[in-house]
Amino acid sequence: MAITLDQTISQKQQSWMAKVLGSQTFWILVAVILACIFLSFATDSFATTKNLYNITRNVTFVAIIALGMTLVIITGGIDLSVGSVLCLCSMVLAVVMHAGYSIEVGIAAAIGTALVIGAFNGILIAYLDFPPFVVTLGMLSIARSLAMVASNNTVVFQFGPDHDKLLALGGGAWFFGIANPVLYMIVLALLIGFVLRWTRFGRYVFAIGGNERAATLTGVPVRKIKVAVYMISALSAGIAGIIQTGWLGAVTTNIGAGMELQVIAAAVIGGANLAGGVGTAFGAIIGAALIEVIRNSLGLLGINAFWQGTFIGSAIVLAVLFDRIRNFRLSE
Amino acid sequence: MAVLELANISKHFGAIQAVNDVSFSLEAGQVVGLMGDNGAGKSTLVKMIAGNFRPSHGIMRLDGAELIMHRPVEARQHGIEIVHQDLALCNNLTAAANVFLGRELRRGFGPLRVLDYKTMYRRAGEIFRELKSETRPRDLVRQMSGGQRQAVAIARTMLSEAKIVLMDEPTAAISVRQVAEVLNLIRQLRDRGIAVVLISHRMPDVFTVADRVIVMRRGRKVADKPIALSSPEEVTGLITGAIEQV
Ligand SMILES: Nc1ncnc2c1ncn2[C@@H]1O[C@H](COP(=O)(O)OP(=O)(O)O)[C@@H](O)[C@H]1O
Ligand SMILES: [Mg+2]
Chain W
1 MAITLDQTIS QKQQSWMAKV LGSQTFWILV AVILACIFLS FATDSFATTK
51 NLYNITRNVT FVAIIALGMT LVIITGGIDL SVGSVLCLCS MVLAVVMHAG
101 YSIEVGIAAA IGTALVIGAF NGILIAYLDF PPFVVTLGML SIARSLAMVA
151 SNNTVVFQFG PDHDKLLALG GGAWFFGIAN PVLYMIVLAL LIGFVLRWTR
201 FGRYVFAIGG NERAATLTGV PVRKIKVAVY MISALSAGIA GIIQTGWLGA
251 VTTNIGAGME LQVIAAAVIG GANLAGGVGT AFGAIIGAAL IEVIRNSLGL
301 LGINAFWQGT FIGSAIVLAV LFDRIRNFRL SE
Chain C
1001 MAVLELANIS KHFGAIQAVN DVSFSLEAGQ VVGLMGDNGA GKSTLVKMIA
1051 GNFRPSHGIM RLDGAELIMH RPVEARQHGI EIVHQDLALC NNLTAAANVF
1101 LGRELRRGFG PLRVLDYKTM YRRAGEIFRE LKSETRPRDL VRQMSGGQRQ
1151 AVAIARTMLS EAKIVLMDEP TAAISVRQVA EVLNLIRQLR DRGIAVVLIS
1201 HRMPDVFTVA DRVIVMRRGR KVADKPIALS SPEEVTGLIT GAIEQV
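For the record, the sequence lines run as chains W and C.
Using my numbering, the first residue of the first sequence is number 1, and each one after it goes up by one.
Using my numbering, the first residue of the second sequence is number 1001, and each one after it goes up by one.
In short, the hints are calculated from the structure, not lab data.
Fair warning: there could be bad hints in the mix.
Listed next, the stretches of chain C that the computed footprint assigns to chain W, with coverage defined by at least 3 CB atoms under 8 Å from CB atoms of chain W [claimed, not checked]:
1. 1087–1093
2. 1098–1104
3. 1130–1137
4. 1144–1154
Some residues of chain W that are not near chain C, with every Cβ distance over 10 Å (derived) [as the list claims (entries may be wrong)]:
5. Ile9
6. Glu104
7. Tyr127
Everything numeric in this text was worked out from a predicted model, so none of it was measured.
We put the CB at the ideal spot given by N, CA and C, even for glycine.
Isolated chain W (complex conformation):
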């Protein structure tokens, strides 16, 4: 039977099922679930309410920043400054509240700081054509140093009149016993997922990562979108900083040190491609979850913590290896 042009055009190339099975995120999710099942049987302490509460909450700090990082990575950029920005925003919040201001003022100051840093990164990258790696590497150094300046390198653990509100914000569980940070993470993931799939902004983020020149030629406001993306990345670090401050109840100038690598790892394990053009919000969360489960399980299984880096590193390589194999098959 001859296939008409109409039939070819309206044919769907991939079924829903094939799409899911072909996605890296799906297989990482499977890995996370299998690991959880295994750990529930292999140890007594994994599937306890307390441990699960801890795991889900620990995931959130990396996951929230990985959401912002995923946007940056989709445009083909990178943001190395997030760990330091988290630290600076936490410190701004702490210092402002310590000085006697309300929690609202503290949060506004922290978020304002994040947005200014993001805009600075973004403008240098988008309008002055600086390489993202260099600009954000510089900011990694600057932001942490500013945090030290702001606090005189001391630990802040008293947050003025709204001290208890801040601790409840980050440490509480206001909704069905789910840790608050987890709720924030879910809301932010839904928001970013929606933006990527359903808005023109999200479409442009993908277009820039796919072919920046094509995006420019067709009239996509490439520069503005890039600035926005770095602002969102810094903002996500700032939000994570605020929540983490409330949870820890103290801020030191070394919180978030080295966190950029975990965040990038989470995004990449979750399917974001550092070459740009590919990534999802759900993937960022799943990537962060896998890292946390690996960390948690090593402890529970009594494996020396020195092995942690090896396992997480292997997870990164394996996740990307999977992607390579799939691309290889596609190009055959």
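Starting from the structure of chain W, add chain C with the ligands where the hints point.
Then chain C with the ligands, alone, in the frame of chain W:
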């Protein structure tokens, strides 16, 4: 009356004089073949008409009114469409997403407007059907053949009724059969009263569809005459510089 008039248009990038004092006009329903060696300034010239670059000197008039554009969107609002030389496609997006890039359809209202996938898929499918191209709107451009990619780039020009369609090497990377389709499409556009500029290296393409030929050399216009009064030999001479100017 001319649809588009260019008067003494120049464009330089730093010290490079890409386009130098070029004037011509486009008539509705006329196909103009624009020829010239690599680096002659053809792409730069059409990019100025498409709103990608602003001329350094000179003015453009559309239907008699001065045309000043800051962004490609403005050119499209004026009914000027372009197929870029390297097609300007995003490999990671679907065919439909590429067709609508920069002018996505949305539904809902106010700040709650979301992408209207359904209509964009349907509309893109209709255009591919019209182009007789076996291109599926939902496929990623990454997996497409040269002809399908070309169809996606050309489909962009058919989203709205254009006055002027600029095609920068639209037949460079495709098969003979597909070249015939593109040339057919150009005739259809002409018959609908659209002014077409066809940039091509292929002499036969230009001599089959164009009504007029313009030759550029090193940024300058060296010939502008009806195709019937020229010949492939003459055009070749003009491109290489063996013939100075006619
Ligand atoms: N964006 C740009 N920046 C600097 N120089 C450019 C740019 N675009 C084109 N040029 C230069 O302008 C000249 C004309 O190029 P182009 O218009 O692409 O020629 P053609 O399309 O006829 O091959 C070339 O010397 C090219 O290097
Ligand atoms: Mg060219």
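W/Ile9 remote from chain C - nearest C-beta pair above 10 Å
Incorrect as stated: the minimum Cβ-Cβ distance to chain C is 5 Å, not above 10 Å.
Compute the least Cβ-Cβ separation between W/Glu104 and chain C, then decide whether it is above 10 Å.
It holds; W/Glu104 is separated from chain C by about 24 Å at its closest Cβ, greater than 10 Å.
According to a criterion of three or more residues whose C-beta lies within less than 8 Å of a C-beta of chain W, is the stretch 1087–1093 of chain C covered?
holds (count 7)
W/Tyr127 remote from chain C - nearest C-beta pair above 10 Å:
With a cut-off of 10 Å, W/Tyr127 remains clear of chain C, as the shortest Cβ separation is near 16 Å.
Using a Cβ cutoff of 8 Å, are there at least 3 residues of the stretch 1144–1154 of chain C near chain W, or does the coverage claim fail?
violated (count 0)
Under a C-beta cut-off of less than 8 Å, do 3 or more residues of the stretch 1130–1137 of chain C approach chain W closely enough to confirm the stated coverage?
holds (count 5)
Counting residues of the stretch 1098–1104 of chain C that have a beta-carbon nearer than 8 Å to any beta-carbon of chain W, does the count reach 3?
holds (count 4)
Checked against the numbered hints above, the structure violates hints 4 and 5; every other hint is satisfied.
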